[in-house]
Amino acid sequence: MGQTLIEKLVTRNIQRHEEQTGIHSVTAAKAGDIVTVSVDRVMIHDIFIPFVAEKFEEMGFPKIWNPDKVVLIYDHLVPASQQDDVRHFKIGDAFAAKYGMKNVHRSDGICHQLMTEAGYVKPGDVVFGTDSHTTTYGCVGAFSSGIGYTEMASILGTGSMWIKVPETIQVKIEGVLPAQVTSKDIILTLIGDLGADGATYKALEFSGSTIENMTVASRMTMSNMAVEAGAKCALFTPDEKTADYCQISLTEQETALKGDTDATYCQTITYKAEDFVPVMACPSQVDLIKPVSQLAGTKIDQVFIGSCTNGRYEDLEAAAQVLQGKTISPFVKLIVTPASRQIFTEAAQSGIIKTLTAAGAIVTHPGCGLCCGRAGGILSDGERVVATNNRNFLGRMGTSKVEIYLASPVSAAMAALKGEITPP
Amino acid sequence: METFKSKVWVLGDDIDTDIIIPTDYLALKTIGDMKKYAFSPLRPELAGQIQPGDVIVAGKNFGCGSSREQAPEIIKALQVRCVIAKSFARIFFRNAINNGLLLIETPDLTEQVEEGQEIEVCVNHCIKCNGKEYPIASLPQNLVDIIQAGGLVQAMRKRNGLEPLE
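Protein chains in written order, with this note's numbering: chain A, 550 to 973; chain B, 1217 to 1382.
By construction, these hints were calculated from the structure, which means they are not laboratory data. Where a beta carbon is used, it is the ideal one built from N, C-alpha and C, also for glycine. A few of these clues could be false.
[To be verified] Heads up, simulated BS3-like pairs for lysine-lysine below, C-alpha to C-alpha not over 30 Å straight-line:
1. Lys875/A to Lys821/A
2. Lys1374/B to Lys618/A
3. Lys950/A to Lys1221/B
4. Lys839/A to Lys1302/B
5. Lys1245/B to Lys713/A
6. Lys1292/B to Lys950/A
7. Lys1348/B to Lys1223/B
8. Lys612/A to Lys1344/B
9. Lys1374/B to Lys612/A
10. Lys1221/B to Lys1344/B
11. Lys950/A to Lys967/A
12. Lys1348/B to Lys713/A
[Unchecked claim] Pairwise CB distance ranges (calculated):
13. Gly900/A to Lys1374/B: 51 to 61 Å
14. Ile818/A to Gly1377/B: 27 to 37 Å
15. Pro1380/B to Lys651/A: 29 to 39 Å
16. Leu1262/B to Asp824/A: 38 to 48 Å
17. Glu1330/B to Leu837/A: 19 to 29 Å
18. Thr906/A to Gly1377/B: 42 to 52 Å
19. Ile818/A to Glu1349/B: 50 to 60 Å
20. Glu1330/B to Arg655/A: 25 to 35 Å
21. Ala667/A to Leu1262/B: 37 to 47 Å
22. Leu1262/B to Arg655/A: 35 to 45 Å
23. Gln796/A to Gln1295/B: 32 to 42 Å
[Unchecked claim] Some but not every residue of chain A turned toward chain B, in silico, with C-beta under 7 Å:
24. Met608
25. Lys612
26. Thr679
27. Asp680
28. Ser899
29. Gly922
30. Phe942
Bound conformation, chain A alone (with noise of 0.2 Å):
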């Protein structure tokens, strides 16, 4: 019988930890199992390193299963804006110091931006992160998931963890997106389609002409966002845009990494890219979706262009477009925040950051602050921000009074040059 993308991909796995192990497990994993996956790279980011630490001396494990494995990354308190964040990077560096971990990010950028531009995933992988929106290294093809610092000490000691093998939801999408329609759109259709729980427990699959001819820099704000419908992982098979990214060939295993055409999908959900059009979830939930057009003229006080979802090279060069030779409203803020240090380079380097900072945005270092609420560009009550992050829960970018409506880069864009949302 054939196996859907996250079945072959633990398969894969199972059998090469077979092989290092002599542990037999499943021949063939299929939905619903409950297997025990090696894992090949996890990733610790500042605000829970001090919880990771804590909980792995307690379990008393005398050694990091694979330092070389681990990746530490300081980016949801950097820079520190509070005096308790420093304790975070104390903690990050003596545990690094003390197992033998070299791959500490310090003032590099976003995790997951810096997990997938770094090349410490690739296709095949599986990986763990202390972030919700590990999910986003399905992009290239990696079974990666969001767990909490507990599990992830458990990983440090034994370099493996029990998964229930995901049902999987097939999502199809042929055809040509529309101008001015981005893949932030049909994750946030897609999330409105499914409701905010619609793939608890569930593996996303993408397929389809629009999903092969997409970028993987577009895929990857796909994958980010899957968790916001509950999803477990979201999957691309990977292909040459893959490889290119990954700068790596695609082996004989690699290019078998795909669903088989018969195998079973608990749902699926087909799109013509021709349907889509700009849609923005509204306050206060991730899936009430609405078209653009149908929330302009809302009246804006700031607009947010960056985070895990939104803030790579293309993204910043789309809202570039829209704001080239123009100024924004004169009654809101722009803020910019590129997902690393090496695409704020790019985009420098280009000319991108003049061309927003002359239309009017203030550009800030890469990091999470901004998209958590935790430092810079606090909003307060009564207030409205169009922003490209993943995430408009109450209370997550200010006040509990602040309304947070999710967008593309574009519509982000358009939101600013008028200080009222406007379809592109």
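Use these hints to put chain B onto chain A, whose structure you have.
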């Protein structure tokens, strides 16, 4: 079979982890420092009102959002006896089990119970409320093992041949 009676606090659908503990407080030194901010965006007074042994009843998708394990740890620190919901988000579910916090999924209770009411929970069997019984499903054995060990830290200590932590 373990049975207990508890007073109920009722919350709605999609109670996300930012509501359970906002990002602002995640870098405080201890879970004890954080717990007074539990549920603050929605009901700032709630953390001060919850009494040890109380139960939270919610709608669907409880715990959606972040992987922050502080969320179930804080609920445990408030000495909430268990959380009953129509459904739980995946990461929250795993985090709660790993901290030995009992979660119960049941589809019909939420609309039938009022805040302040007392209910009776028969673990792995049913919930009794207003003279009606609401069946509850058993957890898979590997999860029961973790809860019985007192959470994942204790389970790993046992694996490593160490005494349980106090």
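Results for each hint:
With a C-alpha separation of about 34 Å, the suggested pair Lys875/A and Lys821/A falls outside the 30 Å cut-off, and the hint is violated. Of the pairs offered as hints, the one joining Lys1374/B and Lys618/A holds, with about 25 Å between alpha carbons and a cut-off of 30 Å not exceeded. A hinted pair counts as satisfied when its Cα atoms are at most 30 Å apart, and Lys950/A with Lys1221/B does not qualify at roughly 36 Å. Proximity of Lys839/A to Lys1302/B is assessed by CA-CA distance (about 26 Å); at most 30 Å being required, the pair is judged to hold.
Among the hinted pairs, Lys1245/B with Lys713/A is inconsistent with the structure: their alpha-carbon atoms are about 33 Å apart, more than 30 Å. With a C-alpha separation of about 28 Å, the suggested pair Lys1292/B and Lys950/A falls inside the 30 Å cut-off, and the hint holds. Distance check on the hinted pair: Lys1348/B and Lys1223/B sit about 16 Å apart at the alpha-carbon level, within 30 Å; holds. Restraint check: the Cα-Cα separation between Lys612/A and Lys1344/B comes to about 48 Å, which exceeds 30 Å; the hinted pair is violated.
Between Lys1374/B and Lys612/A the alpha-carbon distance is near 16 Å, which keeps this suggested pair within the 30 Å criterion. Pair hint Lys1221/B plus Lys1344/B holds up; C-alpha atoms about 9 Å apart against a cutoff of 30 Å. Between Lys950/A and Lys967/A the CA atoms are separated by roughly 23 Å; this keeps the pair inside 30 Å, and the hint holds. Taking the CA atoms of Lys1348/B and Lys713/A, the gap is about 33 Å. The hint is violated against a cut of 30 Å.
For Gly900/A and Lys1374/B, the Cβ-Cβ distance of about 60 Å falls inside the hinted range of 51 to 61 Å, so the restraint holds. At about 49 Å, the beta-carbon gap between Ile818/A and Gly1377/B misses the expected band of 27 to 37 Å. A hinted range of 29 to 39 Å for the beta carbons of Pro1380/B and Lys651/A is consistent with their spacing of about 34 Å. Evaluation of the 38 to 48 Å hint for Leu1262/B and Asp824/A yields a pass: the beta carbon distance comes to about 43 Å.
As the Cβ distance of Glu1330/B to Leu837/A is approximately 27 Å, the hint placing it in 19 to 29 Å holds. Checked against the hint of 42 to 52 Å, the pair Thr906/A and Gly1377/B fails, with Cβ atoms roughly 60 Å apart. At about 37 Å, the CB distance of Ile818/A to Glu1349/B disagrees with the hint of 50 to 60 Å. The hinted window of 25 to 35 Å between Glu1330/B and Arg655/A is violated, with their beta carbons roughly 51 Å apart.
Against the hinted window of 37 to 47 Å, the Cβ-Cβ separation of Ala667/A and Leu1262/B comes to about 42 Å, which satisfies the hint. For the hinted restraint 35 to 45 Å between Leu1262/B and Arg655/A, the CB-CB distance of approximately 38 Å keeps it satisfied. About 52 Å separates the C-beta atoms of Gln796/A and Gln1295/B, a value inconsistent with the hinted range of 32 to 42 Å. At a threshold of 7 Å, the smallest CB-CB gap from Met608/A to chain B is about 4 Å, leaving the interface hint in force.
With 7 Å as the threshold, the beta carbon of Lys612/A stays out of range of chain B, its nearest partner Cβ sitting at about 12 Å, so the hint is violated. Hint status for Thr679/A: holds, given a least beta-carbon distance of 6 Å to chain B, under 7 Å. Look at Asp680/A: its Cβ gets to within about 6 Å of chain B, closer than 7 Å, so that hint holds up. Checking Ser899/A against chain B: minimum C-beta separation of about 33 Å lies over 7 Å; hint violated.
A hinted interface residue such as Gly922/A counts as satisfied when its beta carbon comes closer than 7 Å to some beta carbon of chain B; here the least separation is about 6 Å, so the hint holds. At about 4 Å, the closest approach between the beta carbon of Phe942/A and any beta carbon in chain B falls short of 7 Å, and the interface hint on this residue holds.
The structure fails hints 1, 3, 5, 8, 12, 14, 18, 19, 20, 23, 25, 28 (numbered hints given earlier, in ascending order).
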